[in-house]
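Q: These are the residues of each chain, in order.
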Amino acid sequence: MLRNHAGKLAATTAVSAMLMAVAACGGDSGSGGTDTASQGATAASSAPAAADAAKVGLAYDIGGRGDQSFNDAAAAGLEKAKAELKLGETKELEAGAGETGAQKEERLRLLAQSGYNPVIAVGFAYSEAIKKVAAEFPEVKFAIIDDAAQGPNISNLVFAENEGSFLVGAAAALKTKKDHIGFVGGVQVPLIKKFEAGYVRGAQSVKPDIKVDVKYLTQPPDFAGFNDPAKGKTAAQGMYDAGADIVYQAAGGSGGGVFEAAKDAKAWAIGVDSDQALTADASVRSVILTSMLKKVDVAVFDFLKSYVDGTVKAGPTTYDLKAGGVDFSTTGGQVDDIKNKLDEYKQKIIDGEIKVPSE
Amino acid sequence: MSSSFTDRLLGRVRLSGLLALAAPILAIVFAGVVTSIILLLNGNDPLATFGLLLDFSTKPRVQVIILNSATTYYISALAVAIGFRMNLFNIGVDGQYRLAALIAAAVGGAITLPGPLHVGVTMLVAVLIGGLWASIAAVLKTARGVSEVISTIMLNAIATGLGAWLLTPGRLAILNGNNVGTKPIGPSGQFPGIALIPGTPVKVFGMIIVAALLGVAYSVVLNRTRFGFDLRATGRSESAAVASGVNVKKMVLYTMILSGAVAGLVGMPQLLGASYSYSLDFPAGLGFTGIAIALMGRNNPIGIALGALLWSFLDNSNDILDFNGIPKEIVVIMQGTIVLSVIVAYELVHRYRAVAEQRRVSRQLSAGAGTPAQEVAA
Numbered sequence: 027m028l029r030n031h032a033g034k035l036a037a038t039t040a041v042s043a044m045l046m047a048v049a050a051c052g053g054d055s056g057s058g059g060t061d062t063a064s065q066g067a068t069a070a071s072s073a074p075a076a077a078d079a080a081k082v083g084l085a086y087d088i089g090g091r092g093d094q095s096f097n098d099a100a101a102a103g104l105e106k107a108k109a110e111l112k113l114g115e116t117k118e119l120e121a122g123a124g125e126t127g128a129q130k131e132e133r134l135r136l137l138a139q140s141g142y143n144p145v146i147a148v149g150f151a152y153s154e155a156i157k158k159v160a161a162e163f164p165e166v167k168f169a170i171i172d173d174a175a176q177g178p179n180i181s182n183l184v185f186a187e188n189e190g191s192f193l194v195g196a197a198a199a200l201k202t203k204k205d206h207i208g209f210v211g212g213v214q215v216p217l218i219k220k221f222e223a224g225y226v227r228g229a230q231s232v233k234p235d236i237k238v239d240v241k242y243l244t245q246p247p248d249f250a251g252f253n254d255p256a257k258g259k260t261a262a263q264g265m266y267d268a269g270a271d272i273v274y275q276a277a278g279g280s281g282g283g284v285f286e287a288a289k290d291a292k293a294w295a296i297g298v299d300s301d302q303a304l305t306a307d308a309s310v311r312s313v314i315l316t317s318m319l320k321k322v323d324v325a326v327f328d329f330l331k332s333y334v335d336g337t338v339k340a341g342p343t344t345y346d347l348k349a350g351g352v353d354f355s356t357t358g359g360q361v362d363d364i365k366n367k368l369d370e371y372k373q374k375i376i377d378g379e380i381k382v383p384s385e
Numbered sequence: 488m489s490s491s492f493t494d495r496l497l498g499r500v501r502l503s504g505l506l507a508l509a510a511p512i513l514a515i516v517f518a519g520v521v522t523s524i525i526l527l528l529n530g531n532d533p534l535a536t537f538g539l540l541l542d543f544s545t546k547p548r549v550q551v552i553i554l555n556s557a558t559t560y561y562i563s564a565l566a567v568a569i570g571f572r573m574n575l576f577n578i579g580v581d582g583q584y585r586l587a588a589l590i591a592a593a594v595g596g597a598i599t600l601p602g603p604l605h606v607g608v609t610m611l612v613a614v615l616i617g618g619l620w621a622s623i624a625a626v627l628k629t630a631r632g633v634s635e636v637i638s639t640i641m642l643n644a645i646a647t648g649l650g651a652w653l654l655t656p657g658r659l660a661i662l663n664g665n666n667v668g669t670k671p672i673g674p675s676g677q678f679p680g681i682a683l684i685p686g687t688p689v690k691v692f693g694m695i696i697v698a699a700l701l702g703v704a705y706s707v708v709l710n711r712t713r714f715g716f717d718l719r720a721t722g723r724s725e726s727a728a729v730a731s732g733v734n735v736k737k738m739v740l741y742t743m744i745l746s747g748a749v750a751g752l753v754g755m756p757q758l759l760g761a762s763y764s765y766s767l768d769f770p771a772g773l774g775f776t777g778i779a780i781a782l783m784g785r786n787n788p789i790g791i792a793l794g795a796l797l798w799s800f801l802d803n804s805n806d807i808l809d810f811n812g813i814p815k816e817i818v819v820i821m822q823g824t825i826v827l828s829v830i831v832a833y834e835l836v837h838r839y840r841a842v843a844e845q846r847r848v849s850r851q852l853s854a855g856a857g858t859p860a861q862e863v864a865a
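Chains as they are written, first to last, in the numbering used here: chain A, 27 to 385; chain B, 488 to 865.
Simulated from the structure, these hints should not be mistaken for lab results.
These numbers were taken from a predicted model, which means no experiment stands behind them.
The reader is advised that the hints may include incorrect statements.
What the hints assert, rightly or not - For each label pair, taking beta carbons as the anchor points, the in silico distance ranges come out as:
1) A:G92 <-> B:G732: 33 to 43 Å
2) A:E165 <-> B:L835: 52 to 62 Å
3) A:K348 <-> B:G673: 34 to 44 Å
4) A:G336 <-> B:N529: 33 to 43 Å
Said to hold, decoys possible - Covered by chain B, according to a simulated footprint, are these stretches of chain A (three or more residues, beta-carbon under 8 Å):
5) 122-128
6) 150-158
7) 171-180
Said to hold, decoys possible - Listed next, the in silico EDC-like pairs over lysine to aspartate or glutamate satisfying Cα-Cα at most 20 Å (straight line):
8) B:K690 <-> A:D335
9) B:K815 <-> A:E120
10) A:K117 <-> B:E725
11) B:K815 <-> A:E118
No residue lacks a Cβ here, since even glycine has one placed at the ideal position from N, Cα and C.
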């Protein structure tokens, strides 16, 4: 055993020696205390930045750009701001699988201390992290999407997903010929349950006896349900086979599978977050009845604009029907015949006549 | 050569002298070369990339996070290694620790006791739940002969479902915005941190001491006790163990439960040292990280510690790559390459040794017909 220990010891000494040598960094990694890394980072990143233009930092949760959904919507808001506002450099970082709160904190801190201001955290997973980091950098403006973390320099961009989902639920109930519709949720988390609650209530307001199949693809901590089109397809297929003729998906990247199943079954599907009759794969756009718009891009753009204008306000900004933060889409003209009815419901929700449950 | 590939893979066959040094060096060189090639193909400078990683890890705050993650990884790898030493592949560490952490968090949040007792009760619950969950696979194996690889993977899925069911408002959890988690554990149930690294207010998890003690216990139990001897003997050859009077079924049961009990502690550093609540964003997948690190550390407590540190270093310093426009996924490639390199390098060195040994023996045989061949020492 002793010999083995010595072997292991030698092994790691070799490991570190090797890494040092490769990195040609003089072997002073043990000294600690100095802040060389952050200096390096600042030097590297500040070079091309304009003098006083806002340097925007964006931290995604798992998935990052390319999920065709939530994260991409945030990215779209950033892109729009880049094009229309006078922004300096932007930096986007993304979370890895299985990481801890400390790692999320470090990501926000890295952005803040490297001169990125404002810093936007995408997703509720940053809740605890942003509270701590925002307290350390009082002069930096932070924003978090989908979370109510409080702080004097934290803006909360939250959405009334249940209200938007109510409208597409009503649309589904008005359009169904079999009085049987479905809902496919990506992961069974409170956020997605809000979509379900609004959808079911909306459908029931039109047809109290309507049958709504509900299926979640995965349960936490397995977040694969947001990025598994095959699972989405299977779930939706099951609903169409069972007699549903319209399925609403709130499943991020898995939604593509739901659209495919709708196409195979010659039935309808309802998109989510973006106007998916424009953003989904071209071959399935024709099956999209409407989409529940959650305008994360607008929220990100508004926040950046307020920063540039110097009018950032801390605390929650709720993007609901009234504020135009959620809505239903009319692309493709499939809901033109019922648009008036949907607008009536919309007005009732805005006026407070209809209260939409969130769970 | 009398040892099997599995024996060599799991570090049961030792190398001595220069060869013991050759294997890890070979592994590192190989991993370094492969990663450099990938970086070059991607248009990045390998030296600059390694430099960025190392530079970033010199920040005191990052060092604390590296130690903290490594503590968790270490416990996870130890849990896996206990099974490995007996040819038991506990793929279920992931489910075991998640379920244990969830229930321990709920218990810890519901009670209030004097400091050490509160922490102790929470940890005890975690150990019990971890062991209990693993015992299902153990019983299935001993009573019905179900492969523990299959049963533990399926139990992971069941643990996910059970956990999701328990983690809903009205059962073990409370709603907190869009997050849902157990009631936070009060100050008396929190494991105090240690101000180990100067230059930062962030503290190292106190659980690092528990992890170190676990490593010592692992070494002592395996190498200095009757149980450890039986365990290693069963791992090397089940039939030989039976012949020498070892009750293999009992050993399977005990080892699996022990592995699960240690797995129960995997979530404790994070739960008792940082989050104080089990919620949707509690780290998942650590059981699989543990498998990789146990293989990398060749089931040796010190090897695992070094593996855990290296893994944690790569996990925690990769944001700086993203920051500088280098895809952070390169780190995942590095981790995979290192594990494979370690396995390949040790196998190559073992084979080299076997061939050299055979040559030596045949030389001796041909030189003096009377000289008896030396036994190949295992």
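Q: Starting from the range 33 to 43 Å, see whether the pair A:G92 and B:G732 falls in it by beta-carbon distance.
A: violated, 60 Å
Q: Does 52 to 62 Å hold as the CB distance between A:E165 and B:L835, or does it fail?
A: holds, 56 Å
Q: Keeping to a limit of 20 Å between CA atoms, is the pair of B:K815 and A:E120 held or broken?
A: Satisfied, since the Cα-Cα distance of roughly 9 Å is no more than 20 Å.
Q: Is 34 to 44 Å a correct range for the gap between the Cβ atoms of A:K348 and B:G673?
A: Holds - the Cβ-Cβ distance for A:K348 and B:G673, about 41 Å, lies within 34 to 44 Å.
Q: Going straight from one Cα to the other, do B:K815 and A:E118 come out at no more than 20 Å?
A: Holds - the C-alpha atoms of A:E118 and B:K815 are around 12 Å apart, at most 20 Å.
Q: Quick check on a hinted range of 33 to 43 Å for A:G336 and B:N529, using CB atoms only.
A: holds, 41 Å
Q: For the pair supplied as a hint, A:K117 and B:E725, confirm whether the alpha-carbon distance does not exceed 20 Å.
A: Not OK: A:K117 and B:E725 at ~57 Å, beyond 20 Å, violated.
Q: Take a quick look at whether B:K690 and A:D335 sit within 20 Å of each other, Cα to Cα.
A: violated, 40 Å
Q: Can you confirm whether chain B covers the segment 171-180 of chain A, using C-beta to C-beta distances below 8 Å and requiring at least three such residues?
A: With 4 residues closer than 8 Å to chain B, the segment 171-180 of chain A meets the three-residue bar; holds.
Q: Please count how many residues of the segment 150-158 of chain A have a CB within 8 Å of a CB from chain B and say whether that reaches 3.
A: holds (count 4)
Q: Taking 8 Å as the C-beta cutoff, is the stated coverage of the segment 122-128 of chain A by chain B satisfied by three or more residues?
A: holds (count 7)
Going through the hint list in order, the structure does not satisfy hints 1, 8, 10.
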